[in-house]
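Here the protein sequences line up with chains A and B, keeping their order. So for the first sequence, my numbering puts the first residue at 11; every next one is plus one. So for the second sequence, my numbering puts the first residue at 361; every next one is plus one.
Heads up, some of the hints might be wrong.
As the list claims (entries may be wrong) - Partial selection, computed: residues in chain A whose CB lies under 7 Å from chain B:
1) 87
2) 89
3) 96
4) 176
5) 183
Unchecked claim - Stretch by stretch, here's where chain B covers chain A in the computed footprint (C-beta under 8 Å, at least three residues):
6) 101-113
7) 136-146
8) 214-226
In short, the hints are calculated from the structure, not lab data. Owing to the predicted nature of the structure, the values given are computational and were not obtained by experimental measurement. Note that CB positions come from ideal geometry on N, CA and C, so glycine has one too.
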Amino acid sequence: MVKMLARAGSGHPGGSLGMADIFTALYFGGFVRHDPKDPLWAGRDRVVLSNGHICPILYAVLAERGFFPPQWLDDLRKIDAHLQGHPAMNKTPGVELSTGSLGHGVCGALGMALALHADGKSNRVYALLGDGELQEGLPWEAFMASAHYKADNFCIIIDRNDAQIDGRTVDVMNIDPLDAKLRAFGFHTLTIDGHDFGQIFSALNEAAATRGKPTAIIANTVMGKGVGFMEKDGYKWHGKTPNAEQAAVALKDLGA
Amino acid sequence: MRATRDAFGKALLELGAEMPEVVALTADLGGSVKTDDFAKKYPSRFFQMGIAEANMVDVAAGMSTAGKIPFATTFAMFGTGRAWESVRNTVGYPGLNVKVACTHSGLSVGEDGASHQALEDVAIMRVIPGMTVVVPADYASAFAATKAVAKHKGPVYLRLGRPKVKDVYKDGEPFQIGKAKILREGKDVAIVANGPCVAFAIEAAETLAKEGISAAVADFHTVKPLDTDTLVKLATTCRAVVTAEEHNVIGGLGGAVAEALAGLKPTPMRFVGTQDTFGESGDPELLWKKYGIDAAGILKAVREVLKAG
Ligand SMILES: Cc1ncc(C[n+]2csc(CCOP(=O)(O)OP(=O)(O)O)c2C)c(N)n1
Numbered sequence: 011m012v013k014m015l016a017r018a019g020s021g022h023p024g025g026s027l028g029m030a031d032i033f034t035a036l037y038f039g040g041f042v043r044h045d046p047k048d049p050l051w052a053g054r055d056r057v058v059l060s061n062g063h064i065c066p067i068l069y070a071v072l073a074e075r076g077f078f079p080p081q082w083l084d085d086l087r088k089i090d091a092h093l094q095g096h097p098a099m100n101k102t103p104g105v106e107l108s109t110g111s112l113g114h115g116v117c118g119a120l121g122m123a124l125a126l127h128a129d130g131k132s133n134r135v136y137a138l139l140g141d142g143e144l145q146e147g148l149p150w151e152a153f154m155a156s157a158h159y160k161a162d163n164f165c166i167i168i169d170r171n172d173a174q175i176d177g178r179t180v181d182v183m184n185i186d187p188l189d190a191k192l193r194a195f196g197f198h199t200l201t202i203d204g205h206d207f208g209q210i211f212s213a214l215n216e217a218a219a220t221r222g223k224p225t226a227i228i229a230n231t232v233m234g235k236g237v238g239f240m241e242k243d244g245y246k247w248h249g250k251t252p253n254a255e256q257a258a259v260a261l262k263d264l265g266a
Numbered sequence: 361m362r363a364t365r366d367a368f369g370k371a372l373l374e375l376g377a378e379m380p381e382v383v384a385l386t387a388d389l390g391g392s393v394k395t396d397d398f399a400k401k402y403p404s405r406f407f408q409m410g411i412a413e414a415n416m417v418d419v420a421a422g423m424s425t426a427g428k429i430p431f432a433t434t435f436a437m438f439g440t441g442r443a444w445e446s447v448r449n450t451v452g453y454p455g456l457n458v459k460v461a462c463t464h465s466g467l468s469v470g471e472d473g474a475s476h477q478a479l480e481d482v483a484i485m486r487v488i489p490g491m492t493v494v495v496p497a498d499y500a501s502a503f504a505a506t507k508a509v510a511k512h513k514g515p516v517y518l519r520l521g522r523p524k525v526k527d528v529y530k531d532g533e534p535f536q537i538g539k540a541k542i543l544r545e546g547k548d549v550a551i552v553a554n555g556p557c558v559a560f561a562i563e564a565a566e567t568l569a570k571e572g573i574s575a576a577v578a579d580f581h582t583v584k585p586l587d588t589d590t591l592v593k594l595a596t597t598c599r600a601v602v603t604a605e606e607h608n609v610i611g612g613l614g615g616a617v618a619e620a621l622a623g624l625k626p627t628p629m630r631f632v633g634t635q636d637t638f639g640e641s642g643d644p645e646l647l648w649k650k651y652g653i654d655a656a657g658i659l660k661a662v663r664e665v666l667k668a669g
């Protein structure tokens with residue numbers, strides 16, 4: 011992913027690295043049922059990136075799972091490429107919904123959940139959101155509706171890194187107290203360390219076992235996780251790509 | 361080569377001293393839309409609204425009723441798209457003095473791709489009654505346009521871009537809302553352009569001159585109200601009109617010109633812009649080329665319309 015972004019010369023490394031552990035758990039921990047040979051398999055679970063800008067991590071995981079050839083990663087954000095700067099469902103297998111404009115993805119994801127729920131299907135739908143994204147009104151409209159319809163196949167995962175473009179979320183527009191707000195909107199809520207696989211696994215299991223209401227997992231994460239100089243500067247790495255030298259340091263930090 | 365968004369930031373900072381009623385709002389994009397200098401110098405007149413564009417525009421409307429001249433800033437996609445109904449009902453309907461100033465318009469957003477490339481914004485702003493719509497060509501005109509927009513009474517959409525674009529004008533060039541600029545006289549075809557397409561139109565006209573085709577070039581920086589006097593003059597001296605804009609050919613400058621000429625002076629036309637399609641990720645220059653928004657695209661349209669008409 012670091013190589014992909016350094017090559018592209020633009021994109022969003024901070025949030026992508028911060029969500030890497032959760033993506034690994036979702037796609038390699040058996041939580042998201044999928045078939046790379048049949049991306050539209052009816053039995054699949056859905057992952058929707060409402061925070062579409064962190065798609066490099068989604069692309070890296072989809073490539074690793076075999077949804078498309080890893081060579082595609084080389085052309086991220088280039089003209090005529092399959093991998094767009096923000097997820098495009100008609101260009102990339104494994105992408106469930108075209109997103110990028112914050113706030114919409116979670117609403118579309120709820121639509122998937124409600125349709126599957128109404129049909130009595132067991133498919134689960136995960137919507138990933140940024141914490142800054144919660145400043146939009148749209149997610150809260152979806153949250154209210156998800157509890158109203160008792161969509162227990164619906165799980166939102168919030169990338170709680172306290173970072174967005176113009177600064178720390180607490181300074182730009184405070185969203186706290188987050189857990190209380192989500193509970194008031196009807197969610198079963200869980201707050202975890204988004205880099206602790208034990209906690210990620212048990213939260214996803216608990217979400218799957220919860221009946222009668224949707225689950226919200228607030229994942230405390232670190233922007234640029236695993237790369238020293240990114241962790242140190244926090245929100246400054248939301249949308250800046252490393253140069254060749256920085257990429258080399260980053261890869262060393264990550265033990266790649 | 362300079363970016364129109366940088367001109368906006370510089371003009372806004374000066375407006376801070378010139379007009380104490382001017383305030384600025386942004387939605388977590390202050391660095392990108394260039395409100396940072398204003399925010400630093402006038403912290404009590406700057407409002408960071410978080411990622412909440414519809415709310416930002418409604419708040420700006422409220423501020424205007426309390427005597428402020430608010431510039432609500434974000435990317436074109438979100439300021440005109442997410443917030444459309446706020447602009448329509450809370451700003452446009454009561455005719456409030458709010459300036460929706462958006463950067464990152466058009467294909468030249470580049471690598472972020474189609475979800476961020478506003479190619480419909482001029483159409484959906486222009487369709488609101490009483491809205492003034494301004495699309496400056498370069499740094500100097502964006503600077504002067506920002507000043508003019510602040511002094512203009514009533515709702516305005518100011519469309520700015522992300523990348524550095526060719527300078528068409530010298531610094532200090534005057535700017536009058538609603539008055540097109542004829543940059544080159546001609547008698548065969550009139551190229552009516554705005555935004556980065558003004559530079560492309562000049563380039564195309566130079567090539568055409570070498571082939572013996574005389575092309576007029578006009579900067580229609582104000583899409584609404586449209587300068588119909590200048591337009592009719594151009595359509596009277598020339599046999600055909602080609603419009604060029606970094607926007608869908610439906611509903612933008614091309615649409616406005618066609619609507620006007622249909623009633624006043626029916627003239628054969630061609631339209632340069634995206635041909636009713638979404639964009640994609642890529643380098644801005646390559647995208648312009650692929651989607652025919654450049655001098656070559658204008659040349660093709662001119663040759664077609666002269667051959668047909
Ligand atoms: C509706 C909308 N407004 C603005 C943007 C521009 N934008 C992209 S990412 C971002 C910040 C997102 O912050 P957060 O959700 O916390 O994600 P993180 O920075 O943690 O990755 C903004 C403002 C957008 N994509 N969509």
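- Measuring from the C-beta of residue 87 of chain A to each C-beta in chain B, is the shortest one below 7 Å? holds, 4 Å
- Item | Status of the residue 176 of chain A interface restraint (C-beta, 7 Å, chain B) | holds, 5 Å
- Task: With a cut-off of 7 Å on the beta carbons, see whether residue 96 of chain A makes it to chain B.
- Result: Because about 5 Å separates residue 96 of chain A from the closest Cβ in chain B, which is inside the 7 Å limit, the hint holds.
- Task: Would you check chain B against the segment 214-226 of chain A, counting CB to CB pairs closer than 8 Å, and say if three or more residues qualify?
- Result: Answer violated; 0 residues pass the 8 Å Cβ test.
- How about residue 89 of chain A: closest beta carbon in chain B under 7 Å, or not? holds, 3 Å
- Please verify that hint: residue 183 of chain A, Cβ, nearest Cβ of chain B, below 7 Å or not. holds, 3 Å
- Given coverage of the segment 101-113 of chain A by chain B, tested with a Cβ cutoff of 8 Å and a minimum of 3 residues: As far as the segment 101-113 of chain A goes, the hint holds, because 6 residues have Cβ atoms under 8 Å from chain B.
- Message: Tell me whether the statement that chain B covers the segment 136-146 of chain A is true, taking a Cβ distance below 8 Å and needing three residues at minimum.
- Response: Since 4 is at least three, the answer is holds.
Of the numbered hints given earlier, the model fails hint 8 alone.
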